[in-house]
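Q: The primary structure of each chain is shown beneath.
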Amino acid sequence: MLAIIDYGMGNTKSVANAFELLGEEVEITDDPERIIASKAIILPGVGAFSKGMKNLQEKGLVKILENEIIHKKKPYLGICLGLQFLAEKSFEDGEHDGFGWLKGTVKKIAPQNSQLKVPQMGWNDTKVVKNCRLMNELEEPVFYYLHSYCLEMDHSQTDVITSICDYGGVDIVSTIEHDNIFAVQFHPEKSQTTGLKLLNNFLDTIRN
Amino acid sequence: MLKHRLIPNIILNNGNIVQSINFKHTNVIGNAITAVDFFNSWAVDEIIVLDVSRTHKYKENFHKIISGLSKRCFIPLTVGGWISDSSEILRFLHEGADKVSINTQAVKNPDLIKESSKIFGSQCIVVSIDVKKNDSGSYEVYVNRGKDNTGLNPIDWAQEIEKLGAGEIFLTSIDHDGCKQGYDLKLIRDVSNAVSIPIIAFGGVGKWEHFVDGIVKGKADAVSAANIFHFSEHSTYNAKKFMAESGLNVRIPSFYQLPTPRKPKYNEIY
Numbered sequence: 017m018l019a020i021i022d023y024g025m026g027n028t029k030s031v032a033n034a035f036e037l038l039g040e041e042v043e044i045t046d047d048p049e050r051i052i053a054s055k056a057i058i059l060p061g062v063g064a065f066s067k068g069m070k071n072l073q074e075k076g077l078v079k080i081l082e083n084e085i086i087h088k089k090k091p092y093l094g095i096c097l098g099l100q101f102l103a104e105k106s107f108e109d110g111e112h113d114g115f116g117w118l119k120g121t122v123k124k125i126a127p128q129n130s131q132l133k134v135p136q137m138g139w140n141d142t143k144v145v146k147n148c149r150l151m152n153e154l155e156e157p158v159f160y161y162l163h164s165y166c167l168e169m170d171h172s173q174t175d176v177i178t179s180i181c182d183y184g185g186v187d188i189v190s191t192i193e194h195d196n197i198f199a200v201q202f203h204p205e206k207s208q209t210t211g212l213k214l215l216n217n218f219l220d221t222i223r224n
Numbered sequence: 007m008l009k010h011r012l013i014p015n016i017i018l019n020n021g022n023i024v025q026s027i028n029f030k031h032t033n034v035i036g037n038a039i040t041a042v043d044f045f046n047s048w049a050v051d052e053i054i055v056l057d058v059s060r061t062h063k064y065k066e067n068f069h070k071i072i073s074g075l076s077k078r079c080f081i082p083l084t085v086g087g088w089i090s091d092s093s094e095i096l097r098f099l100h101e102g103a104d105k106v107s108i109n110t111q112a113v114k115n116p117d118l119i120k121e122s123s124k125i126f127g128s129q130c131i132v133v134s135i136d137v138k139k140n141d142s143g144s145y146e147v148y149v150n151r152g153k154d155n156t157g158l159n160p161i162d163w164a165q166e167i168e169k170l171g172a173g174e175i176f177l178t179s180i181d182h183d184g185c186k187q188g189y190d191l192k193l194i195r196d197v198s199n200a201v202s203i204p205i206i207a208f209g210g211v212g213k214w215e216h217f218v219d220g221i222v223k224g225k226a227d228a229v230s231a232a233n234i235f236h237f238s239e240h241s242t243y244n245a246k247k248f249m250a251e252s253g254l255n256v257r258i259p260s261f262y263q264l265p266t267p268r269k270p271k272y273n274e275i276y
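Top to bottom, those sequences are chains S and G. According to our numbering, the first sequence holds residues 17 to 224 in order. According to our numbering, the second sequence holds residues 7 to 276 in order.
Just so you know, these hints were derived from the structure itself, not from any lab. Heads up, some of the hints might be wrong.
Computed, partial: chain S to chain G, Cβ under 8 Å [unchecked claim]: (1) N27; (2) K29; (3) A34; (4) D46; (5) D47; (6) E49; (7) A53; (8) S66; (9) K70; (10) W139; (11) V145; (12) C148; (13) G211.
One-sided excerpt, in silico: chain G residues whose CB lies under 8 Å from chain S [unchecked claim]: (14) K9; (15) K30; (16) V34; (17) L99; (18) D104; (19) G127; (20) Q129; (21) L191; (22) S202; (23) Y243; (24) E251; (25) L254.
The structure displayed is predicted, hence computed values, not measured ones. Glycine included, each C-beta is placed from N, C-alpha and C at the ideal position.
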């Protein structure tokens, strides 16, 4: 069973629908026991960083996630906010701590082309910059993005970046892979067959 | 680079897809599940489903339809019609919608836009603006399925809802709706130039060129249509192909095979 973390931020149902279509058993849950019993953890989320972290803390889930993912090495897939939480800090609406599992910060997208709107909302080309499991057999993929903030990795840890997209002349981190930690900025659950293929690639890493 | 979007609009009256001409809903065309399955595999970028029923009577049925559709829709899904408060929005999101479209209630109670964009994020709140020309040729915003004139100017109203936190505008010309003569390009350009949130153009598409006009001449970010997609095989695919061949930056059209069950269980939904 996959645990899809329910912390009041966004489209858990869409994510569950996608995994169910791929034949996987899922549970949308905030129950620590169910999270501990799961074989992998999915953290989706759309919305504000600080509100998301606050909700996770209030439900006592940050410690549980850290124990399962960092110490027990349970596979993790973060989507959108689930990618940004990996950072040490976010500068969305003040300054807020993230999980700090990776060395990086979350900052507002600043496209060089001032005509471009923030949030980035829509389909964008995604360029694979490093061989990775999530993008297996996906050539020149196009994914659906919906975000105003993006992850900026520290120079010492840019090797975890596996794909990027160009938004108004700025390279945005699209996917991350680091041992058992996978994360995507776009929405695979809403990126049609390309997105389903990526989710299936994630499942392949668990199946093997 | 970010791509222009092609968005079919599924208009449901009492649970059936209907044809819309100047907001009069006549011919029943079919059922929503079949339409979503086709559009899903024919290269569209998002789907909008609107409930235009004249009464509340079908509201519960519409919720059931959305729950059923979302299981088969793996692109962003926007839902609208009879949305009155934020608990209704939350219900649609739990049923699998990604965004909601608000029209009448936005005019009646602008605080709803402010409040709901704070709770769910601006990206979730689409405000739909229906516009009609008056006798002296100026544009006015209508609500309540095109029945009530608010006297609002669409540019002022668009700027107002952007300030309130709306993330996108779904802009319809009631005069052009169903008339196959193309979008009201002046209206779309005027509103698009006045705000910095994306504009989805709707109303009047009669041939594929009109989509290109909406983006190039109307400055819309995304283009939408309803009637035209229901009457030909591979409609949205062909529309997308035309857009790509005209040099627009769109997702390359291709047919998608989704592993959804071939026979949906209609009884569970209707």
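Q: Does the structure break any of the earlier hints, and which numbers would those be?
A: Of the numbered hints, 4, 5, 6, 7, 8, 9, 11, 12, 15, 16, 21, 23, 24 and 25 do not hold.
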